[in-house]
Amino acid sequence: MRRLVVLLAIGLLLFAGLAGAQAIEPMPFKDHAQELRFQHLTAQLRCPMCQNETLADSNAPIARDLRHEVFRLMQEGRTDDQIKQYLVARYSDYVLYDPPVNPTTWVLWFGPLLILLAGAVVVVVTIRKRSRSGAPPPTIDHGDDW
Amino acid sequence: MSRLIPFFAFLALCGLFGFGIWWNSHHDQTAIPSPLINKPAPEFALPELYDPAKMVTKKDLLGKPYLLNVFASWCVECAVEHPLLEAEGPTLGVELVGYNYKDQPDDAKAWLARHGNPYQVLMADVSGQTAIDFGVYAAPETFLVDAKGVIRYKRIGPFTPEVIEKELKPAIAALAKESR
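Protein sequence lines, in the order shown, are assigned to chains R and G.
Everything in the first sequence is counted per full-length UniProt numbering, starting at 1 for the first residue and increasing by one.
Everything in the second sequence is counted per full-length UniProt numbering, starting at 1 for the first residue and increasing by one.
No lab work stands behind these hints: they were computed from the structure.
We put the CB at the ideal spot given by N, CA and C, even for glycine.
Hints are supplied without guarantee of correctness; some may be wrong.
As the list claims (entries may be wrong) - FRET-style restraints, in silico, Cβ to Cβ:
id, chain 1, residue 1, chain 2, residue 2, range
1, G, 12, R, 108, 12 to 22 Å
2, R, 59, G, 58, 29 to 39 Å
3, G, 60, R, 53, 29 to 39 Å
Please work from the sequences and hints to get the whole structure.
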């Protein structure tokens, strides 16, 4: 029984490995460091076709093309920032998973903070009003003080 | 008064969600705004579909506005859009340039023979390399390029009669007004 479980686990792992390898075709990397850099970079870029997937994960044809493009630019000796700029110039900020702070993303970055602040103001105003009116804080008898 | 705050907060949330629903139903969630609008079209040199020895370059197309329509025989929505291009193309007052994207030239020719050919110029980008410079990520996509080679408008996805009336024709009319 135990052996069966182990076999099953190995089978699953193999299958998972195959499934993962399907998306990314092997590229002629110079060394392991370059491969890691490539994986790190494509994981930060969004596939323009399937916007919930990274370039690294996506099976869309355009993601494949763009992975090759990223690889080509790396071979040309461009830095990560230059490669990102290259893609942003063509596909806009949408290709970045970490959106830059600019007027079009202010709501995205500061909106939640504003709502939180508004909530805090309401809470403070309510508490102040209560303490000024002199009413004792309502004591609720849950009847559970055993 | 302060008792009404939760009520107003609730109303505000309803408004926010309502706006979200309205926004989603009026905007294509997959359309990415092109950073190339109002910028010069990228340089390109692509073989003519029916005469691969002849290259079509950006320079060749300068001088009058044109509509660059990215299409492919494998693209389902292109076949939906195609009859519209054939019907409206001649009345638009701009040249129709076909950009055959990641296609086998023979497939493209067979497809055009079957569906009709509304294009005055046809070029083939078999590898899709030049399309990356245009920020193309699917088909159909269509660019309106003015006489100076500046991209003025982009449509992602197939044209519909409504989009042609409301977006494309005004954009072309604006170009015509400028050149006068």
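Hints, verified against the model:
Against the hinted window of 12 to 22 Å, the Cβ-Cβ separation of residue 12 of chain G and residue 108 of chain R comes to about 19 Å, which satisfies the hint. For the pair residue 59 of chain R and residue 58 of chain G, the supplied restraint of 29 to 39 Å holds, since their beta-carbon distance comes to about 32 Å. With their beta carbons about 38 Å apart, residue 60 of chain G and residue 53 of chain R fall inside the hinted range of 29 to 39 Å.
Hint violations for this structure: none, all hints satisfied.
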